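K.L.:
Residues per chain, in single letters:
Protein chains: 2
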Amino acid sequence: MKAVILLSGGLDSSTVLYQALADGCECYAISFDYQQRHRRELQSASAIAACAGAVQHQVVEFDLRLWGGSALTDKTIDLPQMRSLDEMSQNIPVTYVPARNTIFLSFALAYAETMMAERVYIGVNALDYSGYPDCRPDYIQAMQEVFRLGTKLGREGQPITIVIPLINLKKTEIIQLGNQLGVPWELTWSCYAGKDIACGVCDSCRLRLAAFAELGLVDPLVYADSPSLLIPLPTPPTPPTLS
Amino acid sequence: MKAVILLSGGLDSSTVLYQALADGCECYAISFDYQQRHRRELQSASAIAACAGAVQHQVVEFDLRLWGGSALTDKTIDLPQMRSLDEMSQNIPVTYVPARNTIFLSFALAYAETMMAERVYIGVNALDYSGYPDCRPDYIQAMQEVFRLGTKLGREGQPITIVIPLINLKKTEIIQLGNQLGVPWELTWSCYAGKDIACGVCDSCRLRLAAFAELGLVDPLVYADSPSLLIPLPTPPTPPTLS
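Chains as they are written, first to last, in the numbering used here: chain A, 1 to 243; chain B, 1 to 243.
Bound-form chain A, shown alone (with noise of 0.2 Å):
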């Protein structure tokens, strides 16, 4: 069964390519170099498509700065950082890009009905769709319609589907499932900073060490900021008494 997994590099979307691979699919990745500043992403996208054994790989180029609207393609707006995980987690932020989701999707959708795939992966999760509504279950549910009614393969009775592996997990949750797939986390890319090394303080960046910390566990990459310095390191076992 073929499949195209959109795979941004990050902790998730290498998740969902892991369990795209678990699930017995033949797996086609489409990145998207739309000029972010985050472009670094990328690289990591292409070795972990690699890592993977992809089938193929395909960059996707277009300039979404043309119209600005986000701080993740308009470098007049300023990233957050240092807010708390809770102001985090309530309102649209401005690393919101208008209709990112649905220009990715239609993409894969144009990508998949050509390679005759049957299944769009994507790695929404529970955590994005507080804040982006591009994210939520009733969204992707609009854009299967879409899959469905748009496509000549939707229109022969065998729509393409979408598929949602982490929408109900936590960071934490993916992390343990990405364990258990072997993703290898020291290859992905969270940091929204533009930099060569991930910059620690962003709000990805705190996300995703905040929820290697809650597990006890060390995340593998490498960042400007040492993350030993941010966040609770475990408390290490009670060495065995000699008495």
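Just so you know, not all the hints are guaranteed correct.
Cut-off 25 Å, straight-line C-alpha distance, at most; resulting in silico cross-link-like pairs (PhoX-like, lysine-lysine) [to be verified]: (1) A:K195 / A:K2; (2) B:K2 / B:K152; (3) B:K170 / A:K170; (4) B:K170 / A:K152.
Since the hints were made in silico from the structure, they are not lab data. Quick caveat: nothing in here was measured; it's all calculated off a predicted structure.
Keeping the supplied structure of chain A fixed, place chain B upon it in accordance with the hints.
P.N.:
This is chain B only, laid out in the frame that chain A set:
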């Protein structure tokens, strides 16, 4: 009221732009350079946007040749020529580009949300939807739901509305509407052949020429194969007799 208009430079989308102006909209035109053979249409789109007084005209570039799958983007697939009008309306043609309207509408949505536009106009019509899955009313309805659920504006109760003024019109009726609205036909472009002068023999040219002929009008666009040789000209009025 702001509106984003999907403008290919063809007869239909040009009529839609003039309809949006007649509806009192401030128009933001959007076109796509997807490495289609007939990129000549982009020159027409720019000329029409300028002529109509659009506030902005954005051209989004991406490459749909990445995965092929259509005669419009893959030069190894022959363009159909000289099929009967009946044949043209019955099957999904090789000029079908998988998920094209879904990609186009997704970018229009991103543009509209950023500009705080209330409407997106698209020129799908009855003649197309017999051939293309992503031109039918039920598909547009599904995209409308994506517009509502996939955006910040939509979630706040102000969804961007998709307007389809041509949906129930035949080609002849579109030309009649465009004539009323003052569409400069000589600036529009319909030919699929990818040359600098319209071929007059591809399906798209022939549909257009047949519609003008049916109305007893002459298409003011210049053709390589003179349309006067291909289509019946209207019977000239009988000159008054002297007796």
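K.L.:
Just pull the numbers of the violated hints for me, sorted ascending.
P.N.:
Violated hints: 1 and 3; rest satisfied.
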